[in-house]
Amino acid sequence: MMDVKRRYVIPGDIIATGPIRPEQNVYQDGEKMISTCVGISEIFENSVRVIPLTGAYMPKTNDLVIGKVVGTSPLSWEFDINSCYIGFLPAQDVFGRDYSPTKDELKQRLDIGDLVAARVANFDRSRDPLLTVQDRDLGKIDSGELIEISPSKVPRLIGKRGSMIQTIEMATRAVITIGQNGWIVVSCDDSEGLLKAVEAIKMVDALAHTPNLTERVKSMLGVPAGENNDTIND
Amino acid sequence: MTQLMTEDGIRCDGRKTDDLRNISIKVGVLKNADGSAYIEFGQNKILAGVFGPRDVHPKHMANQDTGILRCRYHMSPFSVTERKNPAPSRREIEISKVIKEALEPAVILKDFPRTVIDVFVEVLQADGGSRCAALDAAAVALADAGIPMRDLVSACAAGKVADRIVLDINNEEDQEGQADMPVAIMPNVGKVTLMQLDGVLTPEEYKSCLQTAIGGCKRVYEIQRKALMEKYFQTGEQ
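Protein chains in written order, with my numbering: chain A, 375 to 608; chain B, -7 to 230.
For the record, the hints were derived by calculation from the structure and aren't laboratory data.
Be aware that a few hints might be false.
Sample of chain A residues facing chain B (criterion: CB under 7 Å; computed from the structure) [claimed, not checked]:
1) Ile384
2) Pro385
3) Thr428
4) Gly429
5) Tyr473
6) Phe497
7) Arg499
Derived Cβ-Cβ restraints for the label pairs, each shown as a range [unchecked claim]:
8) A/Gln466 - B/Lys102: 27 to 35 Å
9) A/Glu522 - B/Glu168: 49 to 57 Å
10) B/Lys183 - A/Phe418: 24 to 32 Å
11) A/Glu566 - B/Gln56: 35 to 43 Å
12) A/Lys576 - B/Ser81: 24 to 32 Å
13) A/Thr391 - B/Thr58: 25 to 33 Å
14) B/Thr58 - A/Arg381: 29 to 37 Å
15) B/Glu168 - A/Val444: 51 to 59 Å
16) A/Gly404 - B/Val192: 53 to 61 Å
17) A/Asp563 - B/Asn14: 33 to 41 Å
18) A/Thr391 - B/Gly191: 36 to 44 Å
19) B/Gln56 - A/Tyr473: 24 to 32 Å
Only a predicted model underlies this, so the values are computations on that prediction, with no experimental measurement involved.
Glycine included, each C-beta is placed from N, C-alpha and C at the ideal position.
Could you put the whole structure together from the sequences, leaning on the hints where they help?
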């Protein structure tokens, strides 16, 4: 395994100097690589990045997000996606190509307040994120419990190759849909499992920066410790 | 007139010329704000809250190329001995402007086009040097909100009292001293983002005053750093 150096950093901390590539949350000032947020810095062989511990959600193309309908226009729905930008879902995406604003009523399919799992189809600096529900497992969410966590902790909740979320799902028999924007829907037939899953998710949110978290979640859920080499990395 | 300094260089509140007042910072004190901080800087008690990045209202203020930063410095009616009218005064408008301009070089606004970052600073108790204390709290609150920054901003004042250059002017020294110089720096980048001067200094005194203030800023930075580390990594330094 590659040797990765980790350190707690705050904005302005010099993480490294020299000819390496600044990635996520790092800015370059001459030779210096400087952290731009509170988080954990990681120095790889030829790049350096900071895993943030706080911050708002910035949409990225292909992200799965959970959005709440906040409004409609004649041709699209507007979604709150827990970001500084409003998500747009075009009506044609739901009704198909023969959508006509005079014939179809948007609110029959999705009304204000409805929760939807969607994917970010397109986003850049100049326009608001465009959403789509044209994929498997996307669309309106009918039941479940909505939990909000800090978007910066979503990778930790998923875990390495999904290890954390699989642990929680198997132990509680809950179905968990994670939006990259920090909104999570948990549904479970058994109310005790639901409560446990919610508790586990909140635990990950609170203790995201600590190592061996999967093991701790396992012991909280009463799962025997496995041979999972969990690290602070996602 | 009160005596501001004894002959052996002890100031009216018992400090030496290069002593800071007691400073404590708490991070994340407001649940509803995206980021917040509370600072006690001597007798100053100041709350800072940060919202954003978020939609700009009124819409015409939005910039397609970059985010914008807005700042409001406000003194509570009960922050001073005589009730202060809560309407923004000339002084508060000025301080809001200088705080905004002192924070702007540190915040990477380019990452958030068409949005605004709002910084609200509420002075609960004032005791001289409140703009520096407000700036310290605002910088920590911005970092708490997870807004990308090139560096923290640390501020501290220096001045001239009884013909000597002193660090961290308090209220009496501000009222009756000879000069007051608030300075803010980005400590790692090594740039000055705020420098004001009220009073008259010779060129030598000016240089020494600026150096004293920068030294104070660096000490404030360590306190800001510790506060953020305590909030996010409980144990402090790794």
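Tested hints:
| no. | hint | in the structure |
| --- | --- | --- |
| 1 | Ile384 | holds, 5 Å |
| 2 | Pro385 | holds, 4 Å |
| 3 | Thr428 | holds, 4 Å |
| 4 | Gly429 | holds, 3 Å |
| 5 | Tyr473 | violated, 28 Å |
| 6 | Phe497 | violated, 12 Å |
| 7 | Arg499 | holds, 5 Å |
| 8 | A/Gln466 - B/Lys102: 27 to 35 Å | holds, 33 Å |
| 9 | A/Glu522 - B/Glu168: 49 to 57 Å | holds, 52 Å |
| 10 | B/Lys183 - A/Phe418: 24 to 32 Å | holds, 29 Å |
| 11 | A/Glu566 - B/Gln56: 35 to 43 Å | violated, 51 Å |
| 12 | A/Lys576 - B/Ser81: 24 to 32 Å | violated, 44 Å |
| 13 | A/Thr391 - B/Thr58: 25 to 33 Å | holds, 28 Å |
| 14 | B/Thr58 - A/Arg381: 29 to 37 Å | holds, 30 Å |
| 15 | B/Glu168 - A/Val444: 51 to 59 Å | holds, 56 Å |
| 16 | A/Gly404 - B/Val192: 53 to 61 Å | violated, 38 Å |
| 17 | A/Asp563 - B/Asn14: 33 to 41 Å | violated, 57 Å |
| 18 | A/Thr391 - B/Gly191: 36 to 44 Å | holds, 41 Å |
| 19 | B/Gln56 - A/Tyr473: 24 to 32 Å | holds, 30 Å |
Consistency with the previously given hints fails for numbers 5, 6, 11, 12, 16, 17, ordered from lowest to highest.
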